[in-house]
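Numbering (our numbering), first residue to last: 806 to 947.
One or more hints might be untrue.
What the hints assert, rightly or not - Straight-line C-alpha distance at most 25 Å; calculated SDA-like pairs for lysine to any residue:
id: 1; residue 1: 871; residue 2: 861
id: 2; residue 1: 871; residue 2: 809
id: 3; residue 1: 936; residue 2: 878
id: 4; residue 1: 871; residue 2: 860
id: 5; residue 1: 871; residue 2: 887
Said to hold, decoys possible - For each label pair, taking beta carbons as the anchor points, the in silico distance ranges come out as:
id: 6; residue 1: 940; residue 2: 899; range: 19 to 29 Å
id: 7; residue 1: 839; residue 2: 876; range: 45 to 55 Å
id: 8; residue 1: 925; residue 2: 895; range: 42 to 52 Å
Treat the hints as calculated values from the structure; they're not laboratory data. All residues carry an ideal CB built from backbone N, CA and C; glycine is no exception.
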Amino acid sequence: MLTIRVITHSLLLVLADLAGIGGAALAAFWILRMPNQVWLQVPIAVLLSVGFFLVWLIAVRTLRIKALWPVGTGESWTWLAASLLWAPLVFVPLHYFTQGYLTSLGNVVALAFYQLPVNALALAAGRLVWKSLAPGANQPRQ
806 MLTIRVITHS LLLVLADLAG IGGAALAAFW ILRMPNQVWL QVPIAVLLSV
856 GFFLVWLIAV RTLRIKALWP VGTGESWTWL AASLLWAPLV FVPLHYFTQG
906 YLTSLGNVVA LAFYQLPVNA LALAAGRLVW KSLAPGANQP RQ
């Protein structure tokens, strides 16, 4: 089960990152209508990436998919490491199919530098949300 959890959650981290980056690019361009909007794109991408991953964890908890329930903090760090491996495997073909050419190594490295802090933030937020969804977590202490 550990392998299934690592593969699934790390792949979802990468998909959340790519959706966040793509969604942020569209949102920033729509808001500013100018080509250079990185200063707005990055914060939007972070919020979307973390938000998408939190929605995934809430769905796993709500739908009671116990095979995907996180076991411990150490496992979360494994998801982070595995997401760095998934990123080029997903991003390079996606870039090729959408743009018509292979992406540069610089883009893959930039994605990794984006992923490290953002995915760490997503995992930390995920732990907090996961604990808050536990039975009895929101009940007052006596």
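Comparing the hints with the structure gives:
1. 871 / 861: holds (13 Å)
2. 871 / 809: holds (12 Å)
3. 936 / 878: holds (12 Å)
4. 871 / 860: holds (16 Å)
5. 871 / 887: holds (21 Å)
6. 940 / 899: 19 to 29 Å: Given range 19 to 29 Å: violated, Cβ gap about 39 Å.
7. 839 / 876: 45 to 55 Å: About 46 Å separates the Cβ atoms of residue 839 and residue 876, which means 45 to 55 Å holds.
8. 925 / 895: 42 to 52 Å: violated (19 Å)
Hints 6, 8 from the earlier list are contradicted by this structure; the remaining hints agree with it.
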